[in-house]
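Enquirer: Chains as they are written, first to last, in the numbering used here: chain A, 806 to 1172; chain B, 806 to 1172.
Heads up, some of the hints might be wrong.
No copy is singled out in the list; a pair is fine if it fits within one copy or between any two copies.
As the list claims (entries may be wrong) - Pairs of lysine to aspartate or glutamate, DMTMM-like flavour, derived with a Cα cap of 20 angstroms: (1) K1075 to E1052; (2) K964 to E1007; (3) K1050 to D846; (4) K1050 to E843; (5) K964 to E891; (6) K961 to D907; (7) K1168 to E1052; (8) K964 to D907; (9) K1161 to E1052; (10) K1138 to D846; (11) K1050 to D907; (12) K1168 to E1128; (13) K1019 to E878; (14) K1100 to D1046.
No wet-lab data here; the hints were simulated from the structure. Predicted model, so just to flag it, every value in this text is computed and none were measured.
The primary structure of each chain is shown beneath.
There are 2 protein chains.
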Amino acid sequence: MKHAPVRTRSIRVSLGGRSYPILVGSGVLADLGHHAAELRDVTNVIVITSPHIASFYVSPLQRALSESKLPFEMHLIPDSETAKSEPVLFNIFHHLLRFGADRGSVLVAFGGGVVGDIAGFAASVFMRGIRWIQVPTTLLAQVDSAIGGKTAINLKEGKNLIGTFYQPNFVLSDISLLRTLPMSELATGFAEVIKYGMIEGENLFRYLEQSAGKLLQGDPRVLGKVVLESSRIKGRIVSKDEREKSEIRMQLNLGHTFAHAIEREGGYRKISHGQAVAVGLLAAARLSYLKGWMKASTVERVGNLIRLVRLPAKLSELGLKPEVVIRAMEHDKKKKKGVLRFVLPKRLGALVVTDKITPVQLKLALR
Amino acid sequence: MKHAPVRTRSIRVSLGGRSYPILVGSGVLADLGHHAAELRDVTNVIVITSPHIASFYVSPLQRALSESKLPFEMHLIPDSETAKSEPVLFNIFHHLLRFGADRGSVLVAFGGGVVGDIAGFAASVFMRGIRWIQVPTTLLAQVDSAIGGKTAINLKEGKNLIGTFYQPNFVLSDISLLRTLPMSELATGFAEVIKYGMIEGENLFRYLEQSAGKLLQGDPRVLGKVVLESSRIKGRIVSKDEREKSEIRMQLNLGHTFAHAIEREGGYRKISHGQAVAVGLLAAARLSYLKGWMKASTVERVGNLIRLVRLPAKLSELGLKPEVVIRAMEHDKKKKKGVLRFVLPKRLGALVVTDKITPVQLKLALR
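Turn these sequences into a full structure, and let the hints steer you where they fit.
Expert: Printed below as a string of structure tokens:
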């Protein structure tokens, strides 16, 4: 199946000496070797990917890298969240050394969030930091995890406990890679895209309302636009608050205080991140309404858009009770010795951070 | 035995938002709690140290931290280079979590280079980076490894292969901690101090010549001056080239191209870093003489100063042959696919980087 070509667009994440471009387009993977060769004094390229991704894209990948004339190797890691682990990380190090990796090597993270997180972490600490390129292959990674330089592995005590802030040298978001993505994974990306719509405001939100059908069909032009706009918004926020030192990067947590609790209570397997975020976004909108901020009609639009892309809007659709999720949030709060703080949408395009939420409001928002 | 008090002096390592002070003095450990409490929103303090150091200093450490009213814990790690390993690192992470460490925690690296390297690395990746304080307890750490933010662990394939550049929030160099240091470890520090003398020039070098006797006796005023000047020089170089991107930080490698090969050929146990550096420094001076740069009388002064602090000046004193060391350097060169580059002293206070060295010159310099 041939897709209509999507013109490649470029966005710059401005971080002084650590600035980098995000290239969004159809078939940009073909330029990987070209971009790698643009970096200074590259000795070799090592691609970290999963067997699943490799099974689809090993040929175009090899073609793209062959053109650069740079020696390259591939190292496969498992696909699941459990791969973000100490043994998988150190296995990467040993393979890098076996491949003759040195300070001039370039790592390519070719996959979804898991591959990006662990490969980015490996790049950040191997020989005190080598260069790396993100080639996200899921919608969620293209609109979220591949942007911002957060890397991590998990410990048995919790997720993402060990990691770095380490920006890639560039990001190649190839829309055509999304063709092989299962619908459920596409949907997980939609939830974050709706979040960006709520952060950005009326224009993007309305575009999503109008394009929801095409988005569901995986229309490459709509996906391209959505990845581009999401990258622009996240890139802008990261530029202002690279290391989460201020409240700026907290904007990205819209809906996520709920979502984390929902995911944990649902067990990470049963409820996808996207489902949890979708429910969290509507809960945040309703909480804002209960605070007297968001108009009822806007809350309704948020719920409708979530349903248009076939995501759950209510907690009951996930088989969870508000009490359980609230308890999980309280537990999290206690662990962090802090107060429960929420990022809420005052209206589309205007967020506010508040810790003035009553238990009754929480329960109503989640019902 | 009471020492004459050494006035506390402060040096600033200028690195923009990552700038930090180095405090040098007698008894500055007592201010640890005070300085930790100066940092913003500290939740708790976790000290990483070795059983050896703890056996000497657990009481003053506890006293210093108690004054801050901050909760604190201590985690012991083995003393040797083999402790810079994956299991010891992950053991630190698990203990940090058991101690309730969070983003507000402050790590204290209380020990020599090994403790500083691994604790600094742990701080740099725990929850994507928490604050840390270096309290170096050896002369080598006070004049060298505690300054500059290089952290690392070893892999079975080699030393310092995994690490970060991660600056501490401050360094407390307490001269009085050097009292319990064995002579052999003090001498290892002397070699680096002589290196700084050669980098800096006539004034510091002459001071070392005049104070060598007192240095050997561990005179705290002389040690204080030496730590202060060394910190100033290394801090200045690191400020200009934090991540070893240019030739500036290469200055610190004076004598070390030889030293690394000598250490490897000698087995890391038999020949100390200081012994290897001492021989390397004189070899660099002689190589410079052979290139027609350094005066014979200056080469002689370098050799004399090395002998004054009871360090070996000649390879033969270590029971090694020039051919073996040259072969090791060639092997290293091949591995790095580069040329053998030397930092040489043109005269005291003036370094030059060159790769124009003949095998005959190398052999003569090492004889």
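Enquirer: With identical chains, the pair K964 and E1007 could be close in the same copy or across copies; at 20 angstroms between alpha carbons, which is it: within, between, both, or neither?
Expert: neither (34 angstroms within a copy, 55 angstroms between copies)
Enquirer: Could you place K1019 and E878 in one of the four classes (within, between, both, neither) given a Cα distance threshold of 20 angstroms?
Expert: neither (37 angstroms within a copy, 57 angstroms between copies)
Enquirer: If the cutoff is 20 angstroms on CA atoms, where do K1075 and E1052 land: within, between, both or neither? Let me know, please.
Expert: neither (31 angstroms within a copy, 54 angstroms between copies)
Enquirer: Evaluate K961 and D907 at a C-alpha cut-off of 20 angstroms and name the case that applies: within, between, both or neither.
Expert: between (31 angstroms within a copy, 16 angstroms between copies)
Enquirer: Regarding K1100 and D1046, is the shortest C-alpha distance of 20 angstroms or less found within a copy, between copies, in both, or in neither?
Expert: neither (30 angstroms within a copy, 54 angstroms between copies)
Enquirer: Using 20 angstroms as the alpha carbon limit, work out where K1168 and E1128 are close: within a copy, between copies, both or neither.
Expert: within (7 angstroms within a copy, 78 angstroms between copies)
Enquirer: For K964 vs D907, is the C-alpha pair at or below 20 angstroms within one copy, between two copies, both, or neither?
Expert: So K964 and D907 pass the 20 angstroms test across copies only (13 angstroms; inside, 29 angstroms).
Enquirer: Under a CA distance limit of 20 angstroms, which applies to K1138 and D846: within one copy, between copies, both, or neither?
Expert: For K1138 and D846, only the inter-copy Cα distance (17 angstroms) is at most 20 angstroms; the intra-copy one is 48 angstroms.
Enquirer: At most 20 angstroms between C-alpha atoms: does K1050 with D846 qualify within a copy, between copies, both, or neither?
Expert: between (34 angstroms within a copy, 12 angstroms between copies)
Enquirer: Can you tell me if K1050 and E843 fall within 20 angstroms by alpha carbon in one copy, between copies, both or neither?
Expert: Between copies only: 18 angstroms across, 33 angstroms inside.
Enquirer: How would you label the pair K1168, E1052 (within, between, both, or neither) given a Cα cut-off of 20 angstroms?
Expert: neither (25 angstroms within a copy, 61 angstroms between copies)
Enquirer: What label fits K1161 with E1052 when the C-alpha limit is 20 angstroms: within, between, both, or neither?
Expert: This pair counts as within: shortest intra-copy Cα distance 16 angstroms, inter-copy 55 angstroms.
Comparing the model with each earlier hint shows violations of hints 1, 2, 7, 13, 14; every other hint is respected.
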